[in-house]
Structures are given as C-alpha cells and as structure tokens.
Amino acid sequence: MLIRGDDPPQTPPDHGGATRPPVPPRPPVNGGVPRPFGLSIRAFRCWLTVYRRIWRSSIWSSVLGPLFYLGAMGFGLGSLVDARGTASLGGVSYLAFVAPAILASSGMNTAMGEASYPVFGSIKWNKIYIGAQASPLRPADIFRGHLMFITMRIAMNAAVVTVFMCAFGAARSPWVVLAWPAAVLTGLAFAAPIAAWAVTVTKENSFAYLFRFGMMPLMLFSGTFFPLSQLPSWLRPLAYATPLWHGVALCRALSLGRADLLGALGHVAYLAALASIGIWAGARTYRGRLYV
Amino acid sequence: MSSGSLRMLPPAGRLARLRRGGSPGRQGAPGELGSFRLIERHARVYRHAWLVFASGVFEPLFYLLSVGLGLGVLVGKVPGPGGQLIPYREFVAPGLLAVSSMNGAMYDSTFNVFFRLKYAKLYDAILATPMRPAQVALGEIGWALLRGTIYAVAFTLVMLGLGLVHSWWAVLAVPVAVLIGFAFAAVGMTGTTYMKSWQDFDYVILASMPLFLFSATFYPLSVYPRVVQVIVECTPLYQGVVLLRDLTQGVVGPGLLWRAAYLAVLGLAGLAAAGRRIGKLLLV
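These protein sequence lines map, in sequence, to chains U and G.
Our numbering numbers the first residue of the first sequence as 575 and each following residue consecutively.
Our numbering numbers the first residue of the second sequence as 384 and each following residue consecutively.
Everything hinted at is true.
Straight-line Cα separation of at most 25 Å, DSS-like style, residue types lysine-lysine; simulated pairs: (1) G:Lys504 / U:Lys777; (2) U:Lys701 / G:Lys501; (3) U:Lys777 / U:Lys701; (4) U:Lys777 / G:Lys501; (5) U:Lys698 / G:Lys504; (6) G:Lys501 / U:Lys698; (7) G:Lys504 / U:Lys701.
Bear in mind the hints are in silico, worked out from the structure with no lab data behind them.
The task is simple: from the sequences and hints, build the whole structure.
Set out below in structure tokens:
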C-alpha cells in the first residue's frame, strides 16, 4: 500500500533533469474558486466511465427486477389479499399498498449493493481507490465521487419503479412524483453510512452479515409487505426506529396522497440526518483507510 | 488473509493418513476420493467463517416469521395440494424451503465458484495435482449439497416446531430439498464457467428472481391465466415446490416421481457439462 503523509504533497517529486522547467506546484485542492463538489466530480466521472462499459447487464435487472416484484407481489399475492378484504391496509388494494414499499426498498437494495462490495473491492480487488489516491484526489473526494455515482444508480433504479407504479395504476396521487426523490433519499440514508463503514472492512464476510441481519429483516419487517400494526406491540418501536420504515412510510403517504406536512418532514429529517452522518463519517473513515 | 486459511493441504491429519494408506497408483487415476478432498478443503476454510455458515439458518427463519406474523394474517387460507383450504403459512413454508435450497446452491455454485476460478485460482492449483476436472465439479457440487443439507434439516425442524408439517412423508423433504440444490448447483456451475466478469452475475439474479417469485411459491398456480400456468409448470423450481408442498401436506402420488426425475436429470446433465467446461477452461 502507498505510504503517504497526512496531507497531499504540495510539490511534485524531483525528476532529476536539470534542463526541465520547474513544474508549477499543484493548485491547492478546493482553493481559489469555491467549488461545491471539489474534485469529487472527477471521481464520479471515473465511475461513469466504468459504468458506460457495464450498464447493459445491470439495466436488465434494474428494469425487470421491479417489474417481477410488482407483478408477483402486487398482482399475484394481491389477488389473494384483496379477496379477503383490505381494511387493515387502509382500504386500498394490496398493489397500491405494496408498490411504494417496493420503491423505497429498491432504494435501500441498490444502496446496499453499490456501497458494500464495490467499495470494498475498490481497495482490495480492482484497486480503483488506490489508483485515485495517486492523483490529486483526496480521500474525501474519492468518497463523495463514489457516493454521487451510487446516488445516480439509486435514482435510476427508483425512477424505473416509479414509472412502473404509474403504469400499473398503483399510484393514487400526483404526489407520487415526490416519492421518487423520497426513495433516493432513503437509499442515500443507507449508502452513505454503509460506504463509510465498508471502506474500513478487512474481511468480505462482514457483508454477508450485513445482508443477512441488516437487509433481510429490514426488508421483511419494515411495514413493506404488511402493515406494522400486525407486529407484536413490543416489536413495533424497533420497527419505527429503522430507516427503511421511514422511507416506506414517506413513499406510501406520497403515493396514496395521504401525506401530512409534519409527518413527511419528520421522515425526511430522519433520513437526511442519517445521510449527513454517513457523509460526515465517510470523509473521515476514507482518510483513515487510504492515508496509511 | 492469514496464512492459516491459505494452507490447503495440512501437513498431518486425515489427508496425510489417506495418502499414506491410499491407492498406490498416485501417478495414474486419482481414485474416487478426489472430490472428497475438495470438500475437505472447503470445510477447513469455513472453520474460519463458521458464523457465516451458521447464520444461513436465520434467513428462512426470518421469512417464516414474517409470513406467520404478517402476510399470513392478510391472506388467510388458500387451497392446498389436495384442494382443501390450509393456512397460508403452511402453504408458503415448503415453497420457502425450495427457494432457499435453490438460492443456497446457486450462490455456492456461481459467486463462490467464480471467485475460486478467477481470483483465488484454486482450480489451477487443484488441477496440478492428480485430481481431474470432473472431480472438481463433483466436489464443488458435493460441498454445495452438504451445506444445503444442513440448512434443509434446520428448516424442516423449524417447520416441525411451528406445527407446519402434517405427514410423515415430510421426512422426505430433506432429500428433496437436496435434490433441488443438486439440480441448481449443477446448472449454476455450468453457467459460471461461461462468465466473464462480476457484471455477468446480474444474469444469474435475472434467472433466479422470476423463479423465486413466480414458481407458485407465494400463491397457488390458479391465480395465473392458463398460458402462464403451462409455462410455470415447465420450470424446475416449480417441480421442487410441488414436491415439498405435497410431502409436507401428505398428499402423495406417483406423479411426484416424475417431478423428482426432472430435477435429477437436470442435475446430472449440468454435472457432466460443468466437468467438461472446467477441463476446457483450465487444461490448456
């Protein structure tokens, strides 16, 4: 691994050629004109270049995945649920109940997929981070650039689900256009903390636990496939504390047109707080891991 | 990675004893034990990750819990294999067992095999020994099945504990779950030998997700129009779901043998193909 000091060197190494004109010192990172994203846009473009070569295989699972889920859960299982009566769902069809939850959990799933193994692999397997670190990018830029790419992937997948929701008549209100950014925020609330943690991971087994004890129970018990009122009362506060529940509740309220301002702001604040903590922590953990 | 987990051949122990007392023809045919040596290798590696191994039991447990607490209440009763109405959790539990057998086998035979093939270079090392490609394929699938058996036993015990089993035929649920695993492990491993990069694994998910969702796992086949029913009846996971559901409900007929034969043929064909492909990839 590369040995670096705490700060990137301000002068390039001496090449020994006396005739060579002195190379001007590297401009201070983020200095001069204030740029909101600094050099992280460069790291983002690196991921875009990679993605341009591999998008074909991922586009199928991004498009067909939600289609299959909406079909199987909304229509297949929905036909059984609707036949029995949907009073506990608030009187809407099971399709309308479950579709916004699938939207929110697609945000979470994309975030977990993109912020776990790819982050880990960028250090251990294909060493994209190690390469980027040899450039003027600081660890925080590498982190934010990657996070921008992850957010883009979340937004793409969530857009597909939103389009399908509208096409299948699962959205009951024009507010559904806001469910899309809500799902992206849900994804970001997972992606930022997970990426911040994934960069510190040394054994890939840790991700198996994340998926098994993190993603799976969240997916099943966050009011996604059935209303939380069916959970035993001692389990309910735990479910209310999970970020996915906030995402699901927000998307569902918007999609059904039942959002009240205060509740929606509460969900947004919770998710935004998680995302901010992740973004703050990520700059530090990346620095700790990449400057050794 | 510690040096302990990199060590594939122990200096002492069972393998060394086997070798001392083993067949004298080490230069020629490696004998039948070849694939067991691969299984032993994996068992030794997983000693360092036993918690990952053990936690696999929780996944079906979470699913069963979620169905029992949530979906079961929403759905109520559904027509079972004999036409009688059964509680939804009894309907869906055998389907989940079939799915978890498929997923476990697919995961082991695709992601893990690909990693060993391309990154760990495990098979390059193995084929420098007297072991042959067919034994590698058999050993990998054998390992996947061993793992699957443990999960299937755990799942069946959980079902028994929750009172979701109604017949002694359910004893056969474990071998049937292993058979499902065999079919999908063999096919998955063959597919893996054609993979070029991790991106190709999106296609694995693309194949397994519709099987998981549409093979009458979560609702009876009768919700589909007739055309879709015929298509679903031809897919491999559906055979497994029907086998397990009929066995746990005790509705057993000779037709189940055909479904088992379907899975067995699929597995054997995959096994033969996987062995040939590994040889073609690595013995050049």
